[in-house]
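Asks: These are the residues of each chain, in order.
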Amino acid sequence: MNLELILPLTCYLAVMIGLGFWLSRRPQQGSFVQDYFLGNRSMGGFVLAMTMVATYASASSFIGGPGAAYRMGLGWVLLAMIQVPTVWLTLGVLGKQFAHIARRVNALTINDMLYARYRSPLVVILAALGLLAAFVATMVVQFIGGARLLETVTGLPYQGGLIIFATTVLLYTLIGGFRAVVVTDAIQGVLMLLGTLVLLAGILHAGGGASAMFTALAEIDPDLVQPRGPDGFLSTSFMLSFWVLVCFGVIGLPHSAVRCLAYKDSKAMHRGIIIGTLVGALLMFGMHFAGALGRVLVPELTVPDKVMPTLMLTVLPPIVAGLFLAGPMAAIMSTIDSQLIQASATLVKDLYLNYLSRTPPSPTAIKRASRLVTLVLGLVVLWAALSPPDMIIWLNLLAFGALQAIFFWPLVLGLYWWRGNATGALASMVTGAVSYGLLTTFGIKPLGLHAIVPSLTLSGLAYVFGSLLTAPPTAEVRQLFGRD
Amino acid sequence: MTNIVSIARREATLSVALAVLYLGGWWLSAYMVPPTLMLGGWPLWFVLSCLFNPLLFVVLCVLMVRYCFKTVALDDSEPELKNSPDPASKNSPRPGEQS
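Chains A and B, in that order, are what the protein sequence lines are. Sequential numbering from 0 applies to the first sequence in numbering that gives the first Met the number 0. Sequential numbering from 0 applies to the second sequence in numbering that gives the first Met the number 0.
Simulated from the structure, these hints should not be mistaken for lab results. Please read all numbers here as calculations on a predicted model, not as lab measurements. Every residue gets a Cβ at the ideal spot worked out from N, C-alpha and C, and that includes glycine. Among these hints, one or two may not hold up.
Stated by the list, open to error - So the derived label-pair ranges between C-beta atoms look like this:
id, chain 1, residue 1, chain 2, residue 2, range
1, A, Gly159, B, Pro33, 33 to 41 Å
2, B, Tyr30, A, Pro298, 42 to 50 Å
3, B, Leu55, A, Leu378, 41 to 49 Å
4, B, Arg8, A, Ser236, 31 to 39 Å
5, B, Tyr30, A, Val375, 25 to 33 Å
6, A, Gly207, B, Phe51, 44 to 52 Å
7, B, Cys67, A, Arg103, 21 to 29 Å
8, A, Arg418, B, Arg9, 30 to 38 Å
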């Protein structure tokens, strides 16, 4: 055990819990549900930007990403730079239209939006089930990632690390709700950025400058400084698939889309786009570049996923390393918390309040139920992470793409094509989920493309044909979307 | 009402167009530059595609938001009617811009 490392980490976790408490004591402005699940639509530009970036930079980009860059070299940095447009794309495409309609129909969740647009309980129930399955799967993986990180760095046993980690996230999410989630996200975003920049500076210093390190990389394997990577692994179709998976497809990810419901005004959105794009670009570049250069400093890693923690311990003094290890922790925590809050919102708001309760329950009952559901969901995930099933990694890969395959067209075409209707949305969701599931399960890769590309194409076609073959939406819906 | 819809539509198109442009720049700088060229010890393709291109597009993104995106009141269903007494929409800014 390394006390110099554990101390700053513990402080960091304690501060996060403290923030949850402090934020929950602020006077409530709207109803409890609106406040707990949406922070009363009060997000400013900076917080919006940070929460988008932090949610997005999950364990995969802080641990898996640099690990892949370690193996693939600079080509993987090129791949990471595909993500630069995501913030302006998501906020720009969904942005105003989404926020405006959400306010008119008082929507709190993605499913509220879907209901307002399609007027079909079946769409909402399908969407809710898809969301829950995908979120639970990804949360389990994030928990495992966090605990493994603690294990590597501090020498705590896996179970112990997992419980400390899970308790922290659960506590502040439970107490503070959405507001705590976005505020901690903002802090975690800043920490990630600082941690990445300091680490990159440390690496460049330890390696004797960038050009010396490029020469050393080329000596290990000349392909490490080529855009196509070792053995041409980063082929054209591979890269193109990533353009869909991590750039354009992200518009359809429900946990970043829900942030479009929560910002204060259009000025906040504009600032959010600018800050988010800048911070995101710096973060993606820094993390992956650090991973790629790490190959020179620590060439003999057997588990590439450990490259970030190992590098921090190698190039930074322990106390600083401890503080900035909070960076990857932060990335993981901020992804879990936002999924946790959204999964509970789905259960309480979309399924329970809309379909299961005959009489509207009292506010206190809703309050209790919301927290209870958050807690139970958290515990289920924790239980699954304690003895991780082998299926989990597979599930995680599935979840990211599956969410896109299900939600992309119903969200995007629902906003911008007045003719789309419930049949189209249903057809699209089912087609997306089924084709994505089948293609990934059987490992079919048409033209070498990742399963997301054919399944998005199919689900888009299903949406268009399903809508055109059935009656157009009612006048009420059309008017809501600016069509008379 | 139709107003905010057309504004949103325009901004969505702009965002997608900028992303497509970025894809173009990314492709050209990464694959059209001979991979052996160096610039001060850095591989030239890397400098162009991972440093210069993203920075350029962050600047373009700022310009796009500053000059093409419009500030609108989100919770006001009819933003054109400025004189309707609505103190709730705190930031209903510069209504002249919306016509």
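Asks: A separate judgement is required for each hint: does it hold in the structure or not?
Replies: Tested hints:
At about 53 Å, the beta-carbon gap between glycine 159 of chain A and proline 33 of chain B misses the expected band of 33 to 41 Å. Judged by the Cβ atoms, the range 42 to 50 Å given for tyrosine 30 of chain B and proline 298 of chain A is violated: they are separated by roughly 28 Å. Judged by the Cβ atoms, the range 41 to 49 Å given for leucine 55 of chain B and leucine 378 of chain A holds: they are separated by roughly 48 Å. Range check, arginine 8 of chain B to serine 236 of chain A: Cβ separation about 32 Å, and the 31 to 39 Å hint holds.
Range check, tyrosine 30 of chain B to valine 375 of chain A: about 50 Å between beta-carbon atoms, so the 25 to 33 Å window is missed. Against the hinted window of 44 to 52 Å, the Cβ-Cβ separation of glycine 207 of chain A and phenylalanine 51 of chain B comes to about 24 Å, which falls outside the hint. Roughly 24 Å separates the CB atoms of cysteine 67 of chain B and arginine 103 of chain A, a value that falls within the hinted 21 to 29 Å. At roughly 20 Å, the beta carbons of arginine 418 of chain A and arginine 9 of chain B sit outside the given window of 30 to 38 Å.
Hint compliance for this structure: hints 1, 2, 5, 6 and 8 are not met, and every other hint is.
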